[in-house]
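Chemist: Each chain, written out:
Number of protein chains: 2
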Amino acid sequence: MATESVSASLPLRTAKHSTVHPLAPLTAQEIQTAASIIRSQWPANTDLHFKTITLEEPAKAEAVPYIEAEFHGDNLPNIDRRVFITYYLRKTNKFHEAIINLTQQTVERNVRLGPNFHAPGDGEEIIAIERIALEDPGVQAELAKMQLPEGAVVVVDPWIYGADGVNDDERMWQTFFYMRDPENAHEADSNHYALPLSISPVISSDERKVIRIDHLPTGKDNTISGPKPYQRKPANEYIPEAQQLRTDLKPLNVVQPEGASFYVSEQGTSRVVEWQKWSFRVGFNQREGMVLYNVRYDGRHVFYRLSLSDMNIPYADPRHPFHKKSAFDLGDAGAGIMANDLKLGCDCLGSIHYLSAVLNDDKGEPLEMPNVMCLHEQDGGIGWKHTNYRTGRAAVVRNRELVLQSIITVSNYEYILAFMFNQAGECTYEVRATGILSTQPIDEGIEVPWGTVVHPGVLATHHQHIFSLRVDPMIDGYHNRLVYDEALPMPRSDFNPHGTGYVVKETVVETSGGYDLDYDKNRIFKIQNVDVRNPINGKPVAYKIHAPPFQKMISDTESFNHKRAEFADRNIYAVKYHDDELFAGGKYTNQSRGGTGVRSWANRAEKIVDEDLVVFVQFGINHIPRIEDFPVMPCEIIKVSLKPVNFFDRNPAIDVPPSTQAFNKSTLLSETHQQGTVEGTVTREGVCCAAPAASAKL
Amino acid sequence: MATESVSASLPLRTAKHSTVHPLAPLTAQEIQTAASIIRSQWPANTDLHFKTITLEEPAKAEAVPYIEAEFHGDNLPNIDRRVFITYYLRKTNKFHEAIINLTQQTVERNVRLGPNFHAPGDGEEIIAIERIALEDPGVQAELAKMQLPEGAVVVVDPWIYGADGVNDDERMWQTFFYMRDPENAHEADSNHYALPLSISPVISSDERKVIRIDHLPTGKDNTISGPKPYQRKPANEYIPEAQQLRTDLKPLNVVQPEGASFYVSEQGTSRVVEWQKWSFRVGFNQREGMVLYNVRYDGRHVFYRLSLSDMNIPYADPRHPFHKKSAFDLGDAGAGIMANDLKLGCDCLGSIHYLSAVLNDDKGEPLEMPNVMCLHEQDGGIGWKHTNYRTGRAAVVRNRELVLQSIITVSNYEYILAFMFNQAGECTYEVRATGILSTQPIDEGIEVPWGTVVHPGVLATHHQHIFSLRVDPMIDGYHNRLVYDEALPMPRSDFNPHGTGYVVKETVVETSGGYDLDYDKNRIFKIQNVDVRNPINGKPVAYKIHAPPFQKMISDTESFNHKRAEFADRNIYAVKYHDDELFAGGKYTNQSRGGTGVRSWANRAEKIVDEDLVVFVQFGINHIPRIEDFPVMPCEIIKVSLKPVNFFDRNPAIDVPPSTQAFNKSTLLSETHQQGTVEGTVTREGVCCAAPAASAKL
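Chains as they are written, first to last, in the UniProt record's numbering: chain H, 1 to 698; chain P, 1 to 698.
Check each hint, because a few of them may be wrong.
[What the hints assert, rightly or not] Here are the in silico distance ranges between beta carbons for each label pair: (1) H:Val508 / P:Arg246: 31 to 39 Å; (2) H:Lys220 / P:Ser600: 41 to 49 Å; (3) P:Arg246 / H:Gly477: 56 to 64 Å; (4) H:Gly114 / P:Glu447: 53 to 61 Å; (5) H:Glu68 / P:Thr557: 49 to 57 Å.
[To be verified] Mimicking DSS-like on lysine-lysine, the simulated pairs with C-alpha atoms at most 30 Å apart in a straight line are: (6) H:Lys539 / H:Lys563; (7) P:Lys505 / P:Lys563; (8) H:Lys505 / P:Lys639; (9) H:Lys505 / P:Lys277; (10) H:Lys639 / P:Lys521; (11) P:Lys521 / P:Lys277.
[Claimed, not checked] Here are some chain H residues the structure puts well away from chain P; computed CB gaps all over 12 Å: (12) Val155; (13) Glu170; (14) Thr596.
Because the hints were derived from the structure by calculation, they are not lab data.
We put the beta carbon where it would ideally sit given N, CA and C, even for glycine.
Pulled out of the complex, with its shape left as it was, chain H reads as follows (with noise of 0.2 Å):
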């Protein structure tokens, strides 16, 4: 760790068990050993070019049974430990796709996958790619026609290749290229988005050459141009070094002189979190990143597994090759494998435990993933208060919060991810999008309505991020239904004689599918268990889920844009839970042609009334680049909240100790020139903390 950090002692639980947990994401050990399973079924010396080696988590028949017994201190049953592999025969598009028993040290599946599955990018070949982009004497004749100036370094991002139906069985990546800025050519991290160059190679991941060079268009329209002579542009740098930074922050620090409120039990790979009344399990994988099991509040079930599913980013430029912009970083990329190793001070305030983790690389072998997730407290502001005016006396707490977040570079993109708790018994999923623009070069003068120009010769076009949260509910159980709640006018009757009356209407959704929000009518979805009643008011205990609104996917429904991101047109979607059904787009979006996503599923109407039942929420941004989000954007924020409806009989926050001085130590900014007191004034009488002079009930 730094050395500047200061240690204090995390408050871990004892419980250390010596079996693998079932939800425990693999060791090293494990990965290794279904690795060696899976070589051991080739001949010696078979090149495996592995993607994936990740739990295959237990059907949840299986699992439930073991969480309960848990819980209750009953024997544990034995589920067989299984792993999902995915690989390549390297340099060739031989896709497989395995599972192995590692408790019985048997291949359950090895298969070759079908055509149009592909799986996504990884670290070696990113690397590999930026190289044969380069290299490509193609490449290089057509940057000499820029005559680039001396000592320029040009910099490639490879980019998933999109899917249009045009040719594209095979697997490819487009190629995107930027240069560093000429005159500081040394600067390993100057802003190469700045300087954007107008050639994109196309190349063969099977044969890892380039196998055509695009031109991109730079003007009003699809006219390419070709490499044109460099001229001289500014550079648009986003590192401290370039900038005349501020002088007049002072620092604020968050001390926690008693540690933190949460206590962790590590479980091999596998940990347990418990915080005010909160506890989960928590699993990483390369896909999904952070990954919560078995949420209960107080001892009582709430979530069964949450997960951030999926994310599309599809971008406006109808023009050739920008069109098939429309990336997966989820399921092109995976969550987990681009996480960042977080440092102390750096992404959070306050006494922070980091989680690490193991997924693999390439060739089969664990990768270590250290500080992926880190978790810490923060304090979320005032979270209930009330003063009495008669007697001016003010109860309030604060609402402290519990952050488990995972931050994540996807090229050019940032994005900060975390979940949240808080005391009064809420969840939120939070998603703040940071990072750099993806650009593209525009000639000067120019202006086009999919875009907007954030440097000179720059264009950063609009994009939509369209992100799927699965929520695997047990609301007090694992039967559970959804509705939705509206609020309705009630007619004009002797009953409603002055037209102000309004009802709330429950609907039950009876069937799986896709269903939207109505601001209209304050549609609010609930997740409820109708066995089990409210003790004071009889209703179903519940969770209500709060999703901001956003603009659908605008590419239409017969694009591969529409037909590939199967969650993107509705707000939300239900369906009948079935094993391996986690990514709302499907389990291999590179290059994909839809069918295996959360759609395709809710197609099948199944019954979901008192059923086992996911719901996928989806919420977004379209991104409309101003120039202020360049040359880094400050984060936009988005929050998913699932709030319990009659799960519990009061306000759960009410026991939460009230805010003092003596437990928050804050420090008066005293006034070397108050205003002078006027004499005959009246003060008012103020009992701590508060006392409004008077109050009128409006």
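Based on these hints, arrange chain P on the given structure of chain H.
Modeler: Chain P alone, transformed into the frame defined by chain H:
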């Protein structure tokens, strides 16, 4: 101040001006002078009941040259100091409005207002109304029928009468009756909202006597059963000593060892705040509470004036007298006069500077309002981050925010109101709704669709909170326009062969009127100055409005609710600036009839393109109570953000110093049981702050 407080020096700029700033709130002296001038208009011993004695803001045509001269250090023009006063002849319905010119010592206006213009409530009145209701023999007779237990303490909540046009020309109060927990009746902070009673006396404001006793329906319909003998009900207390408090929450302190980063210049009752290139003048008045004037970034004009303009809370129960519950918490009471006396360590963390104010009491005397606003910084998480995956180098800054906060108590309810500024040029208005639900009695075992049973025998009725934020913009100058952007699919064509393209279309709002959001088109409203162009991309400088969706007023368009809350039916109202049009629901909301608010102004259909325009941004919650909202509700948070769009030439937060451990001083929670490293694993190389293992561009 609290004895526990730690005191530190506030960086106060020395600028002290001897002249009163034309936008500064009235001083205590000015309040006294103005009141005495009004008194001198009447025969000696005339008992005046003062309502508001507040600054009559100068006409904008006067104020603008002043603040320009001030900014440029030119000679300041003279502006007469004026006072706006409303008052009654005490215990009559004779309601007057006056304007005093203090500079000239003249009465410019002093008129009795016509019928249906009524003043807000005030502290003296509230307490008097409570007493009148309790002491009335008829009321006592009704209470006697309830056979309340020995020692029972009855508590009265006076409510503004609302308006329905039925015999309500006279100014009245509707009172709701509750009881403290009889088992604990000595506890003055017992939550009486858990024990509502079924009588509701109506009191004449002029005569100060009970004129009617309403009985509340407590079943599913309009049936009035009259007072019934009390049956023992459980209490539901919110005070901490009534709870089994959590014991596992560790302290979290915000420490600013070098003090805060903001500067406050005192100018009598007015303050100028400077922070991270932002500057603004803070005012405070009886009705709006906090007002910001002359908001600039780096010296550039952004807003002329910002304030919460109005708020309406209509309730869903159609039955008499509940249908009249439709409060205007600002116009019927006042966000200023209701503001809490904030206490160190209770309401904020960190280094806090408190601002006090002076308002008036009913006798026309100055009323000191200590610590009604607080100013502090907070950490807003990561501001921006990017990691270059090639070098592993992360650049990351935190988002420091400045918060100007005021908390108001309106009888049962609380609003935590805050203006927040950040380093990326963004200004956010945040409302946290908390406090206690307004309750009414309901018979056991009954459910109604217009409310939720939150405690045995207690119904919390659905209600809407509809807010109006007044934005008087000054985007690089006084002549602005309102436009909206929509993201629209491009039709399929040779140019868009794959159906993926989309464009942004800008529409100019030509005339004053009401306008709505449309998330399906990603409709975003922007305030532009077309005379000032971005130096890079030539687009007009602008600020956009990020407003959350909400269900507009549900009461029908013929209802009094609709007529009175003239802002509640549209997301956006845009009007041409006119002096004295500050309050979206009109100047006098108490038992108002409509026709004096923003809808009426908008209906003038004035040209607002490149004019001095004002935008009212509406937002809100339809509060469908959960049992979790009782006995006090966890904060519900709503934010409206104003963000620069092509106003700067790049990310304005690019110059924020990097987030480092040396600055942040976070603490590492060390693990005593760290997961063992496995031989043969590959360790990723890490460069501070973060290095992902690999990145695919997706």
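Chemist: Against each hint, give a clear statement of whether it holds in the structure.
Modeler: Do the hints match the structure? See the list:
| no. | hint | in the structure |
| --- | --- | --- |
| 1 | H:Val508 / P:Arg246: 31 to 39 Å | holds, 36 Å |
| 2 | H:Lys220 / P:Ser600: 41 to 49 Å | holds, 45 Å |
| 3 | P:Arg246 / H:Gly477: 56 to 64 Å | violated, 26 Å |
| 4 | H:Gly114 / P:Glu447: 53 to 61 Å | holds, 55 Å |
| 5 | H:Glu68 / P:Thr557: 49 to 57 Å | holds, 55 Å |
| 6 | H:Lys539 / H:Lys563 | violated, 40 Å |
| 7 | P:Lys505 / P:Lys563 | violated, 34 Å |
| 8 | H:Lys505 / P:Lys639 | holds, 27 Å |
| 9 | H:Lys505 / P:Lys277 | violated, 50 Å |
| 10 | H:Lys639 / P:Lys521 | holds, 20 Å |
| 11 | P:Lys521 / P:Lys277 | violated, 34 Å |
| 12 | Val155 | violated, 8 Å |
| 13 | Glu170 | holds, 17 Å |
| 14 | Thr596 | holds, 18 Å |
The earlier numbered hints that this structure contradicts are 3, 6, 7, 9, 11 and 12.
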